[in-house]
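J.: Please take these sequences and the hints and turn them into a complete structure.
Here are the chains, one letter per residue:
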Amino acid sequence: ETGVTQSPTHLIKTRGQQVTLRCSSQSGHNTVSWYQQALGQGPQFIFQYYREEENGRGNFPPRFSGLQFPNYSSELNVNALELDDSALYLCASSLTPTDTQYFGPGTRLTVL
Amino acid sequence: GQQLNQSPQSMFIQEGEDVSMNCTSSSIFNTWLWYKQDPGEGPVLLIALYKAGELTSNGRLTAQFGITRKDSFLNISASIPSDVGIYFCAGHGSGGSNYKLTFGKGTLLTVNP
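The listed protein sequences correspond, in order, to chains A and B. Under this note's numbering, the letters of the first sequence match residues 1 to 112, in that order. Under this note's numbering, the letters of the second sequence match residues 1 to 113, in that order.
Think of the hints as simulated: they come from the structure by calculation, not from any bench. Some hints could be false.
[What the hints assert, rightly or not] Partner residues are not named here, just some residues of chain A that face chain B (Cβ under 7 Å, in silico):
#	residue
1	A38
2	G42
3	P43
4	F45
5	Q48
6	N55
7	P61
8	A87
9	L90
10	P97
11	T98
12	Q101
13	F103
14	P105
[Said to hold, decoys possible] So these bits of chain B aren't anywhere near chain A, every CB distance computed over 12 Å:
#	residue
15	L4
16	D18
17	S27
18	G66
19	F73
20	S77
21	P81
22	D83
Note that the Cβ used here is the ideal one computed from N, Cα and C, for glycine as well.
T.: What follows is the structure, encoded as structure tokens:
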């Protein structure tokens with residue numbers, strides 16, 4: 001059984017640019033949740049996708065957007081990058097929206 | 001919004017000692033989870049708790065879901081050097097936002113061999 005995978009591992013962007021992060025869910029999981037983890041903090045919920053629809057959203061601005069595809073993989077897009085967007089971005093998959101979430105290794109985004 | 005207060009913030013212990021950390025909330029949680037995170041990695045699930053009062057073990061780890069549904073603790077017995085890392089509590093809240101996980105700020109554990 002394949003676990004949650006994310007790409008790329010690391011990314012460096014400059015302020016104002018746009019970025020796309022990718023996540024493949026664990027086999028059999030139809031729900032993907034995205035989290036932002038700043039240095040020294042716990043992960044913060046960005047949004048969740050269930051069966052290709054956004055199922056809930058945390059306190060993040062609209063420039064954070066996402067997609068989920070028919071194979072349940074997902075993308076996180078961030079427009080107009082700001083310095084504070086530098087963080088580890090984590091994707092988690094689960095069997096259903098309220099089931100236990102299993103995390104990928106994360107993408108480290110640095111905004112200069 | 002829902003918040004989790006996790007303590008202690010950090011711990012320095014000798015190999016072989018037992019460790020205890022806990023998490024409290026001002027609101028009810030339906031699920032409590034404990035994760036371990038190594039530097040630059042994603043959180044790895046250690047124990048999941050689904051019922052108030054539930055006590056669950058995973059090897060040297062034991063966790064309990066508080067009877068009030070507002071707290072949980074994690075114990076590690078006979079610590080070893082590979083226990084080093086950051087431990088996070090997390091939970092699914094009750095009500096309409098039960099799909100998202102709320103995390104504590106983590107407990108940094110250092111084990112001296």
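J.: Does the interface hint hold: is A38 (chain A) within less than 7 Å of chain B, judged Cβ to Cβ?
T.: Result: violated, 11 Å to nearest chain B Cβ.
J.: Less than 7 Å between beta-carbons is the criterion; does Q48 (chain A) satisfy it with respect to chain B?
T.: holds (5 Å)
J.: With chain B as the partner, please determine if T98 (chain A) meets the hint condition of a C-beta pair closer than 7 Å.
T.: Since the shortest Cβ distance to chain B is 5 Å, the answer is holds.
J.: Quick check on the hint: P43 (chain A) CB to chain B CB, less than 7 Å?
T.: OK, holds: P43 (chain A) within 7 Å of chain B, min 5 Å.
J.: Given P97 (chain A) as an interface hint, is its Cβ closer than 7 Å to any Cβ of chain B?
T.: holds (4 Å)
J.: Does D83 (chain B) sit more than 12 Å from chain A, CB to CB?
T.: With a cut-off of 12 Å, D83 (chain B) remains clear of chain A, as the shortest Cβ separation is near 19 Å.
J.: Verify this label for me: S77 (chain B) is non-interface relative to chain A, using a Cβ-Cβ cutoff of 12 Å.
T.: Consistent with the label, S77 (chain B) stays out of reach of chain A, its closest Cβ about 24 Å off (over 12 Å).
J.: When the nearest CB of chain B is found for F103 (chain A), is that gap smaller than 7 Å?
T.: holds (4 Å)
J.: With 7 Å as the cut and Cβ atoms as the points, is P61 (chain A) at the interface with chain B?
T.: violated (16 Å)
J.: Is the nearest CB of chain A more than 12 Å from the CB of S27 (chain B)?
T.: holds (15 Å)
J.: Take a quick look at F73 (chain B) and tell me if its Cβ sits farther than 12 Å from every Cβ on chain A, holds or violated.
T.: holds (17 Å)
J.: Could you check if F45 (chain A) really has its C-beta closer than 7 Å to a C-beta on chain B?
T.: holds (4 Å)
Hint violations for this structure: numbers 1, 7, 8 and 15, all remaining hints satisfied.
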